[in-house]
Amino acid sequence: MTPFRFARAADTADALRLAAGPASAYLGGGTNLVDLMRETVATPGSLVDVTGLSNTVSPTESGGLLIGAALRNTALAEHPAVRARYPVLSRAILAGASAQIRNMATVGGNLLQRTRCAYFYDAEGARCNKRAPGSGCDALEGFSRYHAILGASPACVATQPSDMCVALAALGAIVHVQGAGGARTLPFTELHRLPGDTPEIDTVLAPGDLITAIELPPLPFATNSAYRKVRDRASYAFALVSVAAALEVEDGRVRDVRIAFGGVAHKPWRALTAEAALRGGPADGPAFHAAAAAELADAQPLRDNGFKIELVKRTLVAVLGDLGGAVA
Amino acid sequence: MEITINGSTTALPQDPRVSLLDFLREGLHLFGTKKGCDQGACGACTVLVDGERILSCLALAVQFEGRDVVTIEGLSAAGTAGGEGLHPLQQAFIGCDGFQCGYCTPGQICSAVGMVAEAKRGSPSHVTADLAAAVTLTRNEIQERMSGNLCRCGAHNGIIDAIQQVLSAEVLS
Amino acid sequence: MSIIDSAKNAAQGLVQGALGKLVPLAPDSWIPGGLPDPLIARKHGLIGTPVSRLDGPLKVQGAARFSAEVAPAGMVYVALAYATIPRGRIATLDTQAAEAAPGVVRVMTHRNAPRMKPPAVFGSSPTAAGPSDLPILQDDRIHWNGQPIAAVIAETQEQADHARSLIHVTYEAGPSTTSFAGAKANGAQIGRFMGQPLRNEIGDAEAELAGAAHRVDHTYRTPRHSHNAIEPHAATIVWEGDMLTIHDTTQMVTAEARTIADVFDLKPEQVRVISPYVGGGFGGKGLWDHQIIGAAAAKLVGRPVRITLSREGVYRVIGGRTLSEQRVAIGATADGHFKAIIHTGTAAMTPHNAMPEPFIFATRSGYAADSFKLSVETVKMNMLANTFMRAPGEAIGTFALESAIDELAAELGMDPIALRIRNEPDKDPISGLPFSSRHIVEAWRSGAQRFGWDQRAPEPGTRREGEWLIGMGCATGTYPYHRMPGAAARITLTRDAKAIVEIAAHEMGMGTSTTTAMVAGERLGLPLDRIEIRYGDSIIPGAIMAGGSQQTAAIGAAVIAAHNALVAELLKLAGNESPLAGLSVDEVGSEGGALVRLDDPACRETYQSILARAQRDTVAAAEQASMPVEAMHWSMHSYSAIFCEVRVSAITGETRVSRILGAFDCGRILNPQTARSQFRGGIIMGLGMALMEETLFDERNGRVMNANLSEYHLPVHLDIPEIDVMWTDIADPHTPMGAHGIGEIGITGVAAAVANAVYNATGKRIRDLPITLDKLL
Ligand SMILES: Cc1cc2nc3c(=O)[nH]c(=O)nc-3n(C[C@H](O)[C@H](O)[C@H](O)COP(=O)(O)OP(=O)(O)OC[C@H]3O[C@@H](n4cnc5c(N)ncnc54)[C@H](O)[C@@H]3O)c2cc1C
Ligand code: FES
Ligand code: FES
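Top line first, the protein sequences correspond to chains A, B and C. The first sequence begins at 1 in my numbering and counts up one residue at a time. The second sequence begins at 1001 in my numbering and counts up one residue at a time. The third sequence begins at 2001 in my numbering and counts up one residue at a time.
FYI, nobody ran anything at the bench for these hints, they're computed from the structure. No residue lacks a Cβ here, since even glycine has one placed at the ideal position from N, Cα and C. Keep in mind that a hint or two might mislead.
What the hints assert, rightly or not - Pairwise CB distance ranges, derived in the manner of DEER restraints: (1) C:Asp2335 x A:Gln300: 52 to 58 angstroms; (2) B:Ala1129 x C:Ala2181: 58 to 64 angstroms; (3) B:Thr1136 x C:Gly2182: 54 to 60 angstroms.
Stated by the list, open to error - The following residues of chain A were derived to be distant from chain C, with all beta-carbon distances above 10 angstroms: (4) Asp11; (5) Ser62; (6) Ser135; (7) Val177; (8) Ala234.
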């Protein structure tokens, strides 16, 4: 690990001030950043510990929830309001990592965790455009079981690995950011980007931007929501694919629906095409199949991950089937 | 800059790169907490911080200023080489053969202590069927909640048996 | 009940049980017509009763000191840098920035490392332990992607790790073979295991196959595997003058010490390897480059050194199980009689090691057939030397063989157990030797009943609960009995009636130290708390490798020999005033802390009394175990019948093992508590192998791409059902204690049982491990 300075931020302003220099990074639970520093994939010159900042969950005026970015993943998953009103979010968090890691990980850190692509991690032995722009991508024709089938580019086929983010994408969360220019908000689905030819840039945040909170909009039908994660062992493994969905059915027809996929793209994949196909139509198997097929129409398989196209379709159909059944 | 380890207060390391795990092992020679991967992937380094289980390998020691850390040595402060005075879980691990090489064992035991506390406050898990209901630690629940602790010797059955044994003894007493 | 209570109770049971159960000394070799070990007949002693691990209290407190937990004063830390090409030369190696980094004591490369001989490769002599015959840090040549090229020595691990990242190296690539297809194209050679070619032919198997009424003929593939003991490899190394001490985590203290002595041109007694605890081995904890680099580094800087491999380092420096491609073809008559068994194939190895992954071993003695064609060919790749991993050969060989038998059973419309029993051999089909003890049919029958095999739907894909398809499968597991030459034991009796038993053996979690204490107590007629076992130290006489599931037999034979010598010594000491005067070793036994006349148990004298009269504090005897001639007279194996039930999601293809039972036939079970754990542990490694394990080797450049524990998937708690195990407990009259090895048998057969269950659940036959969900979609 490259030597660095360490400081603890007392409040948001303090954090921004401490992180003003180049090569600083915010430190949450450290479960991703410390690992990447050890691998010399990340080499910040100074770390600003932001785990002392807001970690509260409070109701918003519009009837949603505002979640402090320093809240631990475990605390968010077990919060009574989240369990009752946004079960997909609790479920997604609980499907991720291990209890110990969820006890450490913060909401902010989870959002900005980096890809698990093996070639990205192998700072000494592999080429990776995300780690070393312009060096090439060894994943393109290498091991790609965990790689993207949607929205990838010839420069990068990595996936964003978070489970929690898939639920946040489905729920249409809002990210609260504090930057050099003051506070701002942005839709969660706009936080992460597709790789294009600048895969080194994961998100739209500027250097020094601090995530202060996540806002969940009121979404009454999210009480009928679910998360299904498919992986290579029963627990403590990243998703091959995952599906977060919320469904509102009235008289056998889809009144409203939210869908997002994990493990398929460089960002949590909000399935707007499938949602549009379903809205107003029948809540039945053929409709679910058709919507899944429409969303995956442009999927591009790599050497090892062609199975994901079928897998994510089947998983979506199963999740919608369960949610449809739950209210029928 | 101080930290409390098993009840005694001690100065934190100067070098901020030092993980809590390396601080315990190399700095304090508390070798009970094990390093299996240094990558957050095995659970061997599990310790309790303010009663919560965490992975000490991904924790920078300096981040834990003022916190209260309990390691396997702290669980059995009264323990002896002969086996008297062990924590009930340590005792049960012996009786149920919840280990072979013993390398993952301190992490498993600390993790189990933290796990029981989580369940008692009603924290759900991935396999909890009803997020609104109270948590019961069925075998399946314990297995999911302990899945962050790998064991290559394959002592899984004995580990879960030991935890269940202690839980049922608690219920009885 | 505490460990101490249970030990005490067990010990009391021993004393009571032993009354009137005096047993003679054991024979020290096993040949036709010889007597079995008298301990076999003793039914009420400690053997066969569950005893908790004697090292348990230390381990659950984290108080057992592993090799990275020794901290000599003035110690420095090492970090290794690894090559990133598979073959070629180092063109430039710039260590300046690393040397200048804070805390760095020295950077050692081929340019300044002490001159050392290459280690003698394992198998080249009885004491050779080298992973390959390649020189270590002696020249600029690269032989595999991951080879250590530099060692940074610094005051702290953090400083060493950082400085390591400042080393700059460029390479001149040489021609290399990093794909299996490429290696096969370069040509194959017949594999040789311990000097013997891996080939057997009886009759014309191809012709028999072609003419058979029914046949199956398929190719099975198994990937690379890594041992992944949770304790990473680590050594703490101290030179005191010309004396080298290595605190290590190893399965072979003696051979390692000898090999390292040769590397540094030292006499054997100048190197001591100490390894009291091994945090999991499975074949991976032997001599590799890091101990030699650590010793060289300690010599170079004149300070004690700690070298701990990072988890990535374990994948770069410690070889694992190699990949294989196996053809199994079986021809049979309509009623299931095997006309031909063909098991041939290819495994990859390197030009510099000697481990051909002998996957035909189980097939050699598994079934009767009219003809056989068995062979292992090897091809050479530029990669890290592959090595033994739990049941080398058998683990993957049984996957192919036992899957093929299931396929044939389906083809014949026969129950797969009935098909196996139909072809049960009455003698070893290849060697023609009689079996020493084979009760596999009994294991099949009792296992099938306990598992509820009759609930299996004969038609695949017909049982379903919700989205879950349910199936049952079974397979035979087998692993040979080994007892390697060279074992010895020293027993010291003290005036206070304590026995210290010293063996150069290892405790990796098998329960060896506990079981050895039980056996020694039984032989010496002493309770468990009067026995102290010392082990894991190369200064103890003899060499007992923890490998090949042979430790228990090797220790057993050595303890018998030493015990017999000790009794002779005691009789000499007893002299003319003893009630035992004039008796020979054949006329006495040990019991209740005394030597006792066999035909007149009232005639006895305690060890204490003998020592007191002779005015001695101790008496000791060291003896070598006899040569393992038993294996020349009998075909000797452990066996299992594995039953498994799986649930496969019809939606996602995820497979979960819901039930598994192992019915074992492994001679006498000495300590049921630790034996159960060994069986279960092996089965769990088999489940990992069946469903998720694979070391990802990038065939473009020979680099392992999942060098960590999050992408190399080991089973987690939620993957593991309650594992039922049972055993026949029938003693083999031709082995010490009637025991067979139990360390490796557990993994064998498991992958096939799972694959067969998956077939029964889904109708899909998976012939490539691991059985990941994409193969079932
Ligand atoms: C073995 C293993 C298995 C895992 N399995 C899963 C899994 O199955 N599913 C899953 O979803 N995740 C998994 N994870 C990842 C885990 O969820 C993340 O590491 C964790 O959520 C990161 O949170 P953190 O607080 O520790 O972040 P840190 O490591 O502290 O930080 C991560 C990044 O976020 C930045 N950051 C932190 N806080 C802020 C802030 N407030 N504002 C701006 N930037 C910030 C940091 O600078 C850094 O770049 C796994 C991790 C490991 C080690
Ligand atoms: S050492 Fe911390 S998780 Fe493995
Ligand atoms: S007991 Fe050896 S790893 Fe768990």
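Exercise. Which earlier hints can't be squared with this structure?
Worked result: 2, 8
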